[in-house]
Amino acid sequence: MLAIVAALSLIYASQKTSQLQWLRHALSYITHPILLAIDAPSQLYDSISNGFSDRATLLSENKTLKAERLILKGKLQKLDAIEKENTRLHSLLDSSFKLGEQFIVASLLRVSLDPFSHTVVVDKGSLFNLYVGQAALNADGVIGQITQVNALSASVMLITDPNHATPVEIIRTGLRTIATGNGIYNQLSLPYLPHNADIQVGDTLVTSGLGGLYPKGYPVATVSSVNSEPGQAFIEAHADTVAKIESSRELLLVWSNQQPIQLIPKKSELEPSNAE
Amino acid sequence: MRSSFSSGLLITFTLALSMGLDIFSWPDAIVKIMPNWTQLTFLYWCIALPNKVNAGTGWLTGLLVDVLTGSLLGHNALLFSLIALFGNKLYPQIRNYSTWQQAGFIFLLLLTLQLINFWIRTSFSQVELSYLFWLSTLVSALCWPTFFSTLRYFRRQYRIK
Chain H
1 MLAIVAALSL
11 IYASQKTSQL
21 QWLRHALSYI
31 THPILLAIDA
41 PSQLYDSISN
51 GFSDRATLLS
61 ENKTLKAERL
71 ILKGKLQKLD
81 AIEKENTRLH
91 SLLDSSFKLG
101 EQFIVASLLR
111 VSLDPFSHTV
121 VVDKGSLFNL
131 YVGQAALNAD
141 GVIGQITQVN
151 ALSASVMLIT
161 DPNHATPVEI
171 IRTGLRTIAT
181 GNGIYNQLSL
191 PYLPHNADIQ
201 VGDTLVTSGL
211 GGLYPKGYPV
221 ATVSSVNSEP
231 GQAFIEAHAD
241 TVAKIESSRE
251 LLLVWSNQQP
261 IQLIPKKSEL
271 EPSNAE
Chain D
1 MRSSFSSGLL
11 ITFTLALSMG
21 LDIFSWPDAI
31 VKIMPNWTQL
41 TFLYWCIALP
51 NKVNAGTGWL
61 TGLLVDVLTG
71 SLLGHNALLF
81 SLIALFGNKL
91 YPQIRNYSTW
101 QQAGFIFLLL
111 LTLQLINFWI
121 RTSFSQVELS
131 YLFWLSTLVS
141 ALCWPTFFST
151 LRYFRRQYRI
161 K
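First to last, the protein sequences are chains H and D. Its first residue numbered 1, the first sequence is counted upward by one per residue in the numbering used here. Its first residue numbered 1, the second sequence is counted upward by one per residue in the numbering used here.
Check the hints yourself; a few may be wrong.
[To be verified] Here are the simulated EDC-like cross-link-like pairs (lysine to aspartate or glutamate), alpha carbons at most 20 Å apart as the crow flies:
{"#": "1", "chain 1": "D", "residue 1": "K32", "chain 2": "H", "residue 2": "D114"}
{"#": "2", "chain 1": "H", "residue 1": "K66", "chain 2": "H", "residue 2": "D140"}
{"#": "3", "chain 1": "D", "residue 1": "K32", "chain 2": "H", "residue 2": "E246"}
{"#": "4", "chain 1": "H", "residue 1": "K244", "chain 2": "H", "residue 2": "D114"}
{"#": "5", "chain 1": "H", "residue 1": "K78", "chain 2": "H", "residue 2": "E101"}
{"#": "6", "chain 1": "H", "residue 1": "K216", "chain 2": "H", "residue 2": "E169"}
{"#": "7", "chain 1": "H", "residue 1": "K75", "chain 2": "H", "residue 2": "E101"}
{"#": "8", "chain 1": "H", "residue 1": "K244", "chain 2": "H", "residue 2": "D203"}
{"#": "9", "chain 1": "H", "residue 1": "K244", "chain 2": "D", "residue 2": "D28"}
FYI, nobody ran anything at the bench for these hints, they're computed from the structure.
Just need the whole structure built from these sequences, with the hints factored in.
Next up, the structure:
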C-alpha cells in the first residue's frame, strides 16, 4: 500500500517538477550496464566484420571517402566568403542572426526502450555536457532532440515521435509551419497549413529556427503528398524525413551559439566625423 | 543465511536479464508484441517467494525500469507494486491452479495492469497505441507456462526456498 502511494506521488512529482533529476542520474549508474550488455553483441559483430573485411574493400572505401572529402572541401571554400557576405547583408537589414555551431559525435546504442515511442539512446551523457533540448543531426538532416540526459547515456526523441513537433520552413517560399510526428517511421505530418498555402510535392522543409531548439536551416523533410479537401479546415500534407535513422550508427549533437553574431557596425556609426 | 544470499542474487540476476530482454532491439515485426519479460519474472518471484519479494521490492524494480526505459518516474514503480500486491495476496490460490489456469489468471492480471499503463501513458503524453499494445498481454500469458517451468527449474537447481 505504502509502495503504491510512493509510486503515485513519484509520478505526480516527476510530472510537475524536474527536481527528481538527481534520482534518475544516480539510478542510471545501476541500469547502465544493462544497456551496455544489450548493445555488446552488435558492437562485437561490427568489430568482427570490420576486422575481416579485405584490403580491396577498404581501399575502395578509402577512395570514395577521399573523393567525397575533396568535393566537400571544395564546397567549403566558398562558404567562408558567403558567410561574411551574409553577415554584411544582415547588418544592412539591421537584423542579427546566429551562425557557427559546435558538434559532438555520439553513437547509437542498439536498444529499443519503448516500441510505442520513437526514441533512440546515445552513448554520451551529462559527462559530455549534453542537455535536454539539444538538437541531434546526422549527415543528411535533423534526427531529433535530446529528451533525457543520464550520466553516461542520453535518449533522443526522433522528430517522427507523436509527441514531437518541429518548427519548419519551406525553402522555396519561406512559408513557416509546424511538422509533427505521427508515429510512422520516416514520415511527418503538416497539419496546420491553410488551403491557400503555397506547397507542392517535392518541396524541401528546413528548420526555421523558431522555438529556439533547432538551429536554423538544417534539412528536415521533403513533402511527399498534398491533399486539399475543401470540406476540411486545413490541407492534409505529409513529408518524408531526409535523415533516415537506420542509415548510420553515428549522429551529431549540436551546441548552437546562444549569442547572436555581432553585427558589423555601419559606416556612419564607425566614423561619425568623416560622414560630415 | 546462505540461502537468502543466493536467492537475492538469483532474483536480481533474472530481473536484470529480463530488463535486458525488454530493451533488446527485436525485429520490427515482433517488437510490439513482445511479452513484458520483467513483469513476468517479477510475478513469478512474487508467487514463488512471497516472503522475500514484496511491494517494496516491486517499487524498487519498477523505479529501475523507469530509469532504464526513460519513462515517467513512478510509472513502472506503480505497476510493479500492484503486481506484488496481487501476487502476495493470491499466491496460495495461484499455486494450486493448473498451468493453463494460471496463464488465464495472469492474462487477466496483466490486462488490468496494461489498462493502468494505458491510462498513465495517454494522460501524460501523446502515443499512437495500436491493438498490438493489448496483444502483447496475450502473448505474455501464452508464454507463461514455459516461462514458469524455466524459472522453477532454476529455482530448484539452486535450492532456493
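Now for the hints, and whether the structure bears them out:
With a C-alpha separation of about 9 Å, the suggested pair K32/D and D114/H falls inside the 20 Å cut-off, and the hint holds. Between K66/H and D140/H the alpha-carbon distance is near 19 Å, which keeps this suggested pair within the 20 Å criterion. A distance of roughly 18 Å separates the Cα atoms of K32/D and E246/H; the hinted pair therefore holds under the 20 Å criterion. Our distance criterion of 20 Å between C-alpha atoms is met by K244/H and D114/H, whose separation comes to about 19 Å.
Distance check on the hinted pair: K78/H and E101/H sit about 18 Å apart at the alpha-carbon level, within 20 Å; holds. Annotation: proposed proximity of K216/H to E169/H holds, straight-line Cα distance about 9 Å (limit 20 Å). For the hint pairing K75/H with E101/H, the CA-to-CA distance comes to about 18 Å; that is within 20 Å, so the pair holds. For the given pair, K244/H sits about 18 Å from D203/H by alpha-carbon distance, which is consistent with the 20 Å threshold.
For the suggested pair K244/H and D28/D, the alpha carbons sit about 16 Å apart, so the restraint of at most 20 Å is met.
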